[in-house]
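Now for the letters of each chain:
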Amino acid sequence: MKVSLEVFRIALRTLSQHKLRSALTMLGVTIGVGSVIAMVGIGQGAGAMVKAQIEGLGSNMLMVFSGSTTAGGARHGTGTAFTLTVEDARAVARECPAVAMTSYAKRETNQVVYGNQNWNTLIVGVTPEYQIVRSWSVARGTFFTHRDMERADAVCVLGDKVAQSLFGWGEDPVGKTVIIKKVPFRVIGVMAPRGAIAGGGQDQDDQVFIPFTTAEWKIIGSVLPGYVGVIFASAVSQEAMPEAEQQIKELLRQRHHIPKEGADDFITMSLKDISEMREATGRVLTYLLGSIASVSLIVGGIGIMNIMLVSVSERTREVGIRMAIGAKRNDILVQFLIESVVLSCIGGLIGLALGIGGSQLLSLLGNWPVLISPLMILIAFLFAVLVGVIFGIYPANRASKLNPIEALRYE
Amino acid sequence: MTKPVDPKVLIVVKDLHKVYRMGEVEVHVLRGVSLKIEEGEFVAVMGPSGAGKSTFMNILGCLDYPTSGNYVFDGQKVSALNINQLAEIRNRKIGFVFQNFNLLPRMAAVENVELPLIYGGIPRRERKERALKMLWAMGLKGRETHNPSKLSGGEQQRVAIARAIVNQPILILADEPTGNLDSGSAAEVMAIFQRLNSQGITIILVTHEADIAQYARRRLLFRDGKVVEDTAEARVQETSSRRL
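Protein chains in written order, with the numbering used here: chain D, 174 to 584; chain G, 157 to 400.
Source of the hints: derived by calculation from the structure; they are not laboratory data. Beta carbons are placed, not taken as given, at the ideal position from N, Cα and C, and that holds for glycine. Any given hint could turn out to be false.
[Stated by the list, open to error] Here are the computed lysine-lysine pairs in the DSSO-like style, where the Cα-Cα straight-line distance is at most 27 Å:
#, chain 1, residue 1, chain 2, residue 2
1, D, Lys-574, G, Lys-249
2, G, Lys-164, G, Lys-306
3, G, Lys-233, D, Lys-574
[Stated by the list, open to error] Simulated coverage check for chain G against chain D, where a stretch passes if three residues somewhere in it have a Cβ under 8 Å from a Cβ of chain D:
#, region
4, 168 to 180
5, 217 to 225
6, 296 to 308
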């Protein structure tokens, strides 16, 4: 008996004789494959979303943060030192040929009030160039201008989430007045939604933008006037990114009078760095979820082995009969092995369908991105087949080693 | 068919011993069996239980190796063959008929008959055809798709015989084939065996019942692992004594 369609037909018939048992045995593999597909799909989806978002931010953008302060031996972390100034930002724009444009920002968390609604959010004082550097469009109204900057006007542009939180769906925020730190601000625009950067990033829609000068004079305070938290710089092209980064570093070191051996008192970060970082996080997430799901697939395999062992001992007499009429050991081995492989294959196929369907449902209902690649489907399915072979080989081998005389006598 | 004057010797066993080891105890089941069986014979093997009949049949059927001694079947030295070669001999040259029929319970009659052909590598269409013809020859027309549980004992045994002969064996080994049958069915089954034997198939049959043994032309009586009576030898002795 060669491994042919015939063998599969026989296996299917045998399995259909114990429908409930076969179905329950398959369930283990089904759940295993389904969860592998869903989990890895979620992990990869998150990774892809992060990538898309970060690229959407403007892939030729560089950020410069102030370095860390050290007080009593404890380093306080990025942004705790105030080393970057408005002048630095202007100098970068002026003197670095690979940099097209810069903007700078000062940030503080504060409460925004509209009528009887309030919302705690990040107040960001930026220059009008910010919108261009980040290539971020305004959904309604306009962004503020240099005129607003010069006059330190009390105008603001709301992030999408802030607008929704304060105004709900029905009301148009543009032209309304909100209160930030007891200062009334006129809403002149609402940013287009950008979404949260998945994997621990901040929600970009949960911000309020005001002119930098207004922030410095009226909101964030003037403990250190002229200092900025972060400088945004856009390179002339994506290819010019490394060049731009190098030029910025050199210029800032020179401006900050840092000796040759001294460490930078600032940190530059490109969106590529961030996206690589986040992608790595996403990969770890994918592996983690995938391996947890794989465990359930292995548990499913143990279920198959269990049932196949039961099946072998139940069918000892059948094995004896088959051997008496000329089945070779190999024939018996193949017969039982194919049965377990068919079990795991069907279980795997159902698992694929459930995994794909379930994750699509999740992405539809939970608004969570899911990415399922054909390669992953193939791998998950092959893994299911492998489980069938690995956990089927022991019972099948046991059946093939039965002594025909004893097997025939078995009651 | 070989010439009737010089029938071919099908089975030669010489000093066959079989010892089973059950823990510490050794059970000597066969203690030196030697005989010849020619093609076309119809042999009844008799004797009390525990006399070694079944073990003898298992060895003849290539299901088991003797502990010592020689067994030549159809010109092949069986003890020199490996397990796969034994399986092939069982498939092509030997048909088994059991007391309790040993049909696969969840398969239709015709599928049971097809089994040896599957292992013989016969293509599906031919297989089905041959199995059906065999069932019809056994008078089972209309019963082809019945499961064994839907058939009477006599019908089940006829399905089993169809399965035993579908691959055109030269030897049929039947272990108490009528043990579970009423006398009517038993007579039917024995008639079939006689018909097959008349077509040239060698039949060896284990039975307890003297009237069943009557169908055979030669009787072997086993006791304590030895053949204590062989009507063929008796005949030889008769003729030789007559000569004297």
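Is the Cα-Cα distance between Lys-574 (chain D) and Lys-249 (chain G) 27 Å or less?
holds, 23 Å
Need the status of pair Lys-233 (chain G), Lys-574 (chain D): alpha-carbon distance at most 27 Å?
Holds, at about 24 Å.
Given the hint that Lys-164 (chain G) pairs with Lys-306 (chain G), test it: the Cα-Cα distance must not exceed 27 Å.
Status violated; Cα separation ~41 Å.
Given as covered by chain D, does the region 296 to 308 of chain G meet the bar of three residues or more with CB within less than 8 Å?
violated (count 0)
Quick check: do three or more residues in the region 168 to 180 of chain G have a beta carbon closer than 8 Å to a beta carbon of chain D?
Violated, because only 0 residues of the region 168 to 180 of chain G bring their Cβ atoms closer than 8 Å to Cβ atoms of chain D.
Examine the region 217 to 225 of chain G: at least three residues should have C-beta closer than 8 Å to a C-beta of chain D.
holds (count 3)
Of the numbered hints stated above, those contradicted by the structure are hints 2, 4, 6, listed in ascending order.
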